[in-house]
Every structure is written in structure tokens, then in C-alpha cells.
Amino acid sequence: MTELQQSVVASETGEPQTQAESGPPPHERILRVIIPLVMLGGLIALWAWYVKAYNVPHYILPGPDLVAQAMVRDWGVLGPALLVTLTITFEALAIALVGGVLIAILFASSRWVEIALSPYMVILQVTPIIAIAPLILIYTSTTQQALLICAWIVAFFPVLSNTTQGLKSTDHNLLNLYELYGASRWQTLFLLKLPAALPYFLTGLRIAGGLALIAAVVAEFAAGSAGAGSGLAFRLLESQYRLNIPRLFAALILLCATGVAIFGATSLLSHLLLRRWHESAIRREN
Amino acid sequence: MPVSSAISIAPQAVPGRPIVRLEHVSKTFSNGTVALKDMSLSIGEGEFVSLLGPSGCGKSTALRIIAGLGEATTGRVDWPTMAHDAAGKVEREIGFVFQEPTLMPWATVFKNVWLPLRLAGISKQAARARVMEALDMVGLASFADAYPRELSGGMKMRVSIARALVTRPRVLLMDEPFAALDEITRQKLNDDLLRLWAQFGWTVVFVTHSVFESVYLSTRIVVMAPRPGRVIDEIAVVAPSPRDLAFRTSPEYSELTRRTSQSLHSALGANDHL
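Sequences listed follow chains S and P, in order. Sequential numbering from 386 applies to the first sequence in the working numbering. Sequential numbering from 8 applies to the second sequence in the working numbering.
Just chain S, with the same shape it has in the complex:
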């Protein structure tokens, strides 16, 4: 729109417009990247200095150089393990998203279904996954299945509860409006309730992404599986038994990086989907 139009409308309605997102000034953007990088570099330097200055044995705390070496040298072991963990995490997350949203829709459309089922959802959520894992291991034929189920149970609940909340929080006037224009159930669901629940769902997704990874690791600890199909958790334990602490650190860093990447990806997705319209994505000047 032209400036003229803008000023005409602003003066006619007596209110200034909310400025559409324009982002922070350039120097702030650069600082936002540089400051965390400098901080990271500083911490690594401190770590290297501490190990060297106090002569810490490498089987207690290896220096960053040793860890980097282990990462490169052991990539043949760690890479496939990372892939296994990632596969379980994302499969579990995908099933949790689909299942969580579908059950949320069911809950939001029938109060009785919710009353009947929600206690079990809560039980599933509050019972520590590490306590159920042995049982799941007995009931499933392969370890992979067991890990998948564990990760799914943990990731599923935040998606379900957030999406249910979102579906129930639809603006009442908008519901009336849809009713007025004779909208069908499906139209109301797809055009109104699901978009309205999107911010809630995305919050659930961000929590679930992190939890799916944690559960995949925890379940693998409980399973204690070995062999070709093992994930990062097993490699971690294995490194500990063998006192191969540099490799343990390398595995740990891979897990951290995975977690951060998942968080970053879900946050980015959330930002991209909400930036045009949701309050949470609006930048205010004052």
C-alpha cells in the first residue's frame, strides 16, 4: 500500500496502524549471531585451559581436541547410531503428532469421550517412561518397536493436551458466525477450529520434539540393546564401560546437537506459520 493511503486511513480511523513485522536493525542481527558464538568459543577455550592447567586425566575429562578427534575417528560407529536415534525420534514424533491431533479432535467434539479417556492419557503421561520400558520390552518383538512406543508415549501427551485446549478455545463469536452461514461440521473444523488451534498445537510440537529425543534415549538405556541396530544411548553406555571418555563426550555432543536442532526446527516452523498473524510473533516498538 502507498504511504498516502496509509496516512489517510490512519487519520480517518484515528488510530495508528500496527507496523507489520520489519525485524530488528542490522547491527542487532549481527550481534545476535556473534555473541552466542563468542560465548561458545570462550567456554571451549576455558575447558581446554582447565584440562591443560590442572593436568586432568583424559579418562576423567578429555580436552576438546581429544573429543573432536574421537568424533572424527569414531564417526563410523557414531554416525549410524545417530541415524538410529534420529529415526526413532522422528517416527515417534510423527505418530505422536497424527495420533495427538486426531484424539484431540475426538475429545473436542465429544465431551463424553474425553471424560472416558482422559484419565488414561494422564496415567500414561505421569508414569515415568523408564518404569514402563521393561514391560514394553517384554511385549514387543523387537527393541526398535519398544523404543518407538516409549518415545511415542512421551511425545504424544503434550500434542494431545495442547491441541485439545486449542480446539476448545475457538472464539465463540466466530463459531456463531459459522453457524449463521450454515457451515458443516467439517468446514467448521478445517476452516475455523484447526487454524485457531494451530498456535497451541505448535507449542505442543515444540515440547514433544524435545521429549521424543529424551524418551528415545531413556528407553534405549532401559533396553540395553546391543549390536548393529543400536542408537546413541547404547554407544554412550558402551563408551562408559570401556572408559572411552572422549567417545562418550562425542556421543553426548551429538545428542545435544540433535536436541538443539529439533528445538530450532520446531521453533522455526512455528515462527513461519504464525508470523503473519499471531500475537506471539508481533514485534512491538514500545
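These are computed hints drawn from the structure, not numbers from a lab. These figures come from a predicted structure and were not determined experimentally. Accuracy of the hints is not assured; some may be wrong.
[Stated by the list, open to error] A short, non-exhaustive set of chain S residues, derived as facing chain P with CB atoms under 8 Å:
no.	residue
1	Ile508
2	Asp556
3	Asn558
4	Leu559
5	Glu564
6	Tyr566
7	Trp662
8	Ser665
[Stated by the list, open to error] Each pair of labels, with its calculated beta carbon distance range:
no.	chain 1	residue 1	chain 2	residue 2	range
9	S	Leu502	P	Ser62	50 to 56 Å
10	P	Ala90	S	Lys553	32 to 38 Å
11	P	Arg135	S	Gln510	43 to 49 Å
[Said to hold, decoys possible] A few chain P positions that, by computed beta-carbon distances, are all more than 10 Å from chain S:
no.	residue
12	Ser37
13	Lys44
14	Gly51
15	Arg71
16	Thr109
17	Trp113
18	Arg177
19	Trp204
20	Pro235
21	Ile239
22	Phe254
23	Tyr260
Cβ coordinates follow ideal geometry from the N, Cα and C atoms, glycine included.
Place chain P on chain S using the hints.
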């Protein structure tokens, strides 16, 4: 409570043939509150009727019943001139404007206005001309691709009005649409509404708690009182058109607001707390 003797309840002659008729409509909520008691009202084609009263007088309830949002507990609403579908349900040709703009924040202005047509199965392409026409009526054609949050309160309300107009309704129902706006914006929108009404000749039912607004806009004011919600007076506003600044500062206007205010106050006994 008795109505002050200075004011007679004089139902006015209805200009056009009645387009909607409320017959002894009452509404009792499930908690026992009598929101509306025995309301009868006939609204003629082309009229601009205001339902005026304090909160709790049932004016919004009446409007929602007219719109078909919530059934009357007793009594009936007739649409003598509108078609009925196979099931005998009336196909109301109405537009509804809520107190809040009630826009979908995730959709552009265009998509918000398209909604009523979209729900009726009209594609974006087929609806484009009508949506743009409706936006043009409220002066927002250049904002079709903006999101609601980029608009001011007054502009959001215009979008809401455009959405109500896009189906080319015969009756426009408005539930305190400008109550949340500042005085200047409200006056501007009042003028716009009058201009559109004169141009298209819809029937308007307008809920308000502002005496000044109701006198400025209406051809007829239905004064309502609370506990239980009921009609206590009807005032015909015979005034020149177009109504403009001159009308708003005329002795006629102040006389009408005085009479309307009096009628409203007579409805509120000493025991009524607003």
C-alpha cells in the same frame, strides 16, 4: 413498572411490508434468567430499527433470536417474504455484525470477507468480484491482502461489515457494532452505514445502548428495559435525509434525544442497578 404518562406507547406505521415479525417471543436461559419477555415486533422492509436499552434488557438476545442463533423459549419469528428449504427451515438472507470485529486472525482481509461465500461453496475465483465489491463499499479494497492485526479497530469493523454485506443480504443485523470504537471513528462509521443503507435499501436492525447513535441512525427506536427484558416504548424518528452534521446539531435532534432519554429513564426504576 409504570411508563411515565408523558410518553405514550405508540407503535408506528410500518413503511414496507413486514420482512420479519416477532410474535410474543420469550427467552429464558437454563439458569432461570428471563432474558426476554413477550416481545412482539414487526419490522418492515427498508426500515432502520434500533433496539435501545441498558445492559440486560434482552436487546442482543432478541437480535440473536432473529438471526437464528438460539431458539426462542416461547413465541415465534416469522419471515413472511423469505424462502423455506425442503425441511421447512427459513433461508434467512441476513448479514450479522458482532460487537467485536470477529475476524479470523490467520486469514487475510480478502479471505475473511470471502468466508460466507466460501461456506456456501463458491470458489475464490468466482467470489473475487463480489468480495472486492464489498470491500470497496467500506473503502478497504486496497487492504485485501492485509492481515487483521495490521488494521486499526475501525478498519477491522469495516471488514466485518464488508463480510456481512458480501452475501447481499436483505436484512443486516448489528449487535452494538461500534460500541468499542472511539467517538470519532464511530461517527465516521455511522455516516458510512447511513450512506450504504440509503444506497442499497436493506432493512437494518441495530442494537445499541447509545441514545445519540440510535436517534442519528434509525427510522424507529424500540426502547427496552431489563429484568425481565421487554419492550417499553417505540419512537418514530421522522427526520430529513441525508442525515449529517446539520441534523446532529439541530433542535429536532436534541428534542428526539431528550424524548428517547426520558423514555429510557422511565424504564429504570429506583431499584434498578445498572
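Each hint tested on the structure:
For S:Ile508, the suggested interface contact is broken, since its CB lies about 34 Å from the closest CB of chain P, more than 8 Å. For S:Asp556, the suggested interface contact is upheld, since its CB lies about 7 Å from the closest CB of chain P, less than 8 Å. Checking S:Asn558 against chain P: minimum C-beta separation of about 4 Å stays under 8 Å; hint holds. The beta carbon of S:Leu559 comes within 6 Å of a beta carbon in chain P, closer than 8 Å, and the hint placing it at the interface holds.
Here the hint on S:Glu564 is kept, as its CB sits about 6 Å from the closest CB of chain P, short of 8 Å. Because the beta carbon of S:Tyr566 sits about 5 Å from the nearest beta carbon in chain P, less than 8 Å, this interface hint is met. With a cut of 8 Å, the hint placing S:Trp662 at the interface with chain P holds, because the nearest CB-to-CB distance is about 5 Å. The interface hint given for S:Ser665 is violated, since its Cβ lies 11 Å from the closest Cβ of chain P, which is over the 8 Å cut-off.
About 41 Å separates the C-beta atoms of S:Leu502 and P:Ser62, a value inconsistent with the hinted range of 50 to 56 Å. Separation of P:Ala90 from S:Lys553 is about 36 Å and conforms to the stated range, judged on CB atoms against 32 to 38 Å. The supplied range of 43 to 49 Å is met by P:Arg135 and S:Gln510, whose beta-carbon atoms lie about 48 Å from each other. Separation of P:Ser37 from chain S is adequate, the least Cβ-Cβ distance of about 16 Å exceeding the 10 Å criterion.
Here P:Lys44 stays apart from chain S, with its beta-carbon at least about 23 Å from theirs, past the 10 Å limit. With 10 Å as the threshold on Cβ separation, the claim that P:Gly51 sits away from chain S holds: the shortest Cβ distance comes to roughly 23 Å. Some Cβ of chain S comes within 10 Å of the Cβ of P:Arg71; the nearest lies about 8 Å off, and the non-interface call is violated. Once the 10 Å rule is applied to beta carbons, P:Thr109 is inconsistent with being away from chain S; the minimum gap is 4 Å.
Look at P:Trp113: its CB is around 5 Å from the nearest CB on chain S, not clear of 10 Å, so calling it non-interface is violated. Under the 10 Å C-beta cut-off, the non-interface status given to P:Arg177 relative to chain S holds; the minimum distance is some 15 Å. Listed as outside the interface, P:Trp204 is consistent with that label: its C-beta sits roughly 20 Å from the nearest C-beta of chain S, beyond the 10 Å cut-off. The non-interface label for P:Pro235 is consistent with chain S: the shortest C-beta to C-beta separation is roughly 23 Å, beyond 10 Å.
Listed as a non-interface residue, P:Ile239 keeps its Cβ farther than 10 Å from every Cβ of chain S; the least gap is roughly 28 Å. The beta carbon of P:Phe254 is kept farther than 10 Å from every beta carbon of chain S, the shortest such distance being approximately 21 Å. Separation of P:Tyr260 from chain S is adequate, the least Cβ-Cβ distance of about 23 Å exceeding the 10 Å criterion.
Hints 1, 8, 9, 15, 16 and 17 from the list above are not met by this structure, while the remaining hints are.
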